[in-house]
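Trainee: Here the protein sequences line up with chains W and E, keeping their order. Residue 1 is where the first sequence starts when you use this note's numbering, and the numbers rise one by one after that. Residue 1 is where the second sequence starts when you use this note's numbering, and the numbers rise one by one after that.
The set of hints was computed from the structure by calculation and includes no laboratory data. There may be inaccurate statements among the hints.
[What the hints assert, rightly or not] To give an idea of the chain W side of the interface with chain E (calculated C-beta under 8 Å), a few residues:
| id | residue |
| --- | --- |
| 1 | N124 |
| 2 | C127 |
| 3 | V156 |
[Unchecked claim] Okay, the calculated beta carbon distance ranges per label pair:
| id | chain 1 | residue 1 | chain 2 | residue 2 | range |
| --- | --- | --- | --- | --- | --- |
| 4 | E | W172 | W | K215 | 37 to 47 Å |
| 5 | W | G176 | E | D110 | 35 to 45 Å |
| 6 | E | D9 | W | Y79 | 36 to 46 Å |
| 7 | E | L183 | W | K78 | 23 to 33 Å |
| 8 | W | R57 | E | E89 | 35 to 45 Å |
Remember, predicted model here, so these are calculated numbers, not experimental data. Cβ coordinates follow ideal geometry from the N, Cα and C atoms, glycine included.
Protein chains: 2
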Amino acid sequence: MRKITMLTDLLEANDVIAMENRKVFDRNRILALNLMSSPGAGKTTVLEKTIDKLGKRFHFAVIEGDVATSNDAKRLAKYKIPVVQITTETFGGACHLDANMVQRAMQKIDLSKVDILFIENIGNLICPAEFDLGEHKKVIVLSLTEGEDKPSKYPVVFRNSDLLLVNKMDLWSYLGINLNLLLRNTKKINPKLPIIKLSAKTEEGFKSWLEWLRKQYQKKSGS
Amino acid sequence: MRKITMLTDLLEANDVIAMENRKVFDRNRILALNLMSSPGAGKTTVLEKTIDKLGKRFHFAVIEGDVATSNDAKRLAKYKIPVVQITTETFGGACHLDANMVQRAMQKIDLSKVDILFIENIGNLICPAEFDLGEHKKVIVLSLTEGEDKPSKYPVVFRNSDLLLVNKMDLWSYLGINLNLLLRNTKKINPKLPIIKLSAKTEEGFKSWLEWLRKQYQKKSGS
């Protein structure tokens, strides 16, 4: 009981800071996206390809979340965009980002020069879904290798998200995964969740994702 | 600060119950293993194949941890062994099992008839590593698809474990994964961690895992 009260307090405090973050994003006409997935589903590769393809059209920035290492921030350094690494080892090894961590990281970025901010969450399908960071949209990256039952087993993240990217489609023919079953399981949890199948490796399906991104930015900026 | 004190209290309370669980296992000459991995790394498939191959030699039981669904328990039902499902939705959606949940589940199993108990943890590479359940050994299942850097990014689970199973080796030729780099990264975090490469699909490498399991059981039971 004590544990549950504490969690409620923490979530409420988080929501207040998340609201502040969102106001800052809005004032700067930034589209902020929270990317969530299991470990190794390909979030960083999706980001690399996205920045590679749209880097001339938009000014990107990335806040990278990890328990340990700044490997992903280093991978993105080549694009010469602002990248801030949060490692939660210094926050007791937290298994998710929270609005306060994001607020601190935001202060290291000149937000007046950013169009789209990606917040790459910790690799975890559970707790990240419960913490509003101030983003406008939540995007799940699911690796096809994880199997058809993940929406049913991790319902909160699928229920709370605005887009599902099914990544590693290039492996489909080797996996024996029933894609229709995956889509049906997703619909049961969140009938309105748009789904884009892609491969960050072969770039199959990438056009639809970039189109979705452009549309979200237009809605946000009114441009 | 308040959060950290609370966490310490919770972990200490957990350890007391874990110790009780371990005593019960020892009294019943049970080898208890805690299986941890990311979502969809193949823990349940490893269990299916293991029970299939050693079901005549040992009496198995399984405690299944999930946030939602009893899909995995249903998959194991065909082996006619005791399987108890814990769904943490009823514990505030906890992202890991704790010793108390396991203690309650144990009470539903006739432990006098069990040789090896598998506790299949929630799919999450972070928090499960911090909670002792009373098991004798911790086993990580890593899907090869997750990439070479997971030991560096999720150091606690690799540091605290007794065996690493690198699963889905059948996909190796399609993935372009540098296996030596994965092994080097693992050694940096935990130089003594034994590593077995296998495929629960093709059964490649399975012999070594079954051999490891038999040895652990012999050590435990003295038989």
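Trainee: If a hint holds in the structure, say so; if it does not, say that too.
Mentor: Verification of the supplied hints:
Residue-level restraint check for N124 of chain W holds (minimum Cβ-Cβ distance to chain E is 6 Å; threshold 8 Å). For C127 of chain W, the suggested interface contact is upheld, since its CB lies about 5 Å from the closest CB of chain E, less than 8 Å. The beta carbon of V156 of chain W comes within 6 Å of a beta carbon in chain E, closer than 8 Å, and the hint placing it at the interface holds. The given range of 37 to 47 Å is respected by W172 of chain E and K215 of chain W, whose C-beta atoms sit roughly 38 Å from each other.
Between G176 of chain W and D110 of chain E the beta carbon distance is about 37 Å. The supplied range of 35 to 45 Å therefore holds. At about 44 Å, the CB distance of D9 of chain E to Y79 of chain W agrees with the hint of 36 to 46 Å. Judged by the Cβ atoms, the range 23 to 33 Å given for L183 of chain E and K78 of chain W holds: they are separated by roughly 27 Å. Between R57 of chain W and E89 of chain E the Cβ separation comes to about 42 Å, which falls inside the hinted range of 35 to 45 Å.
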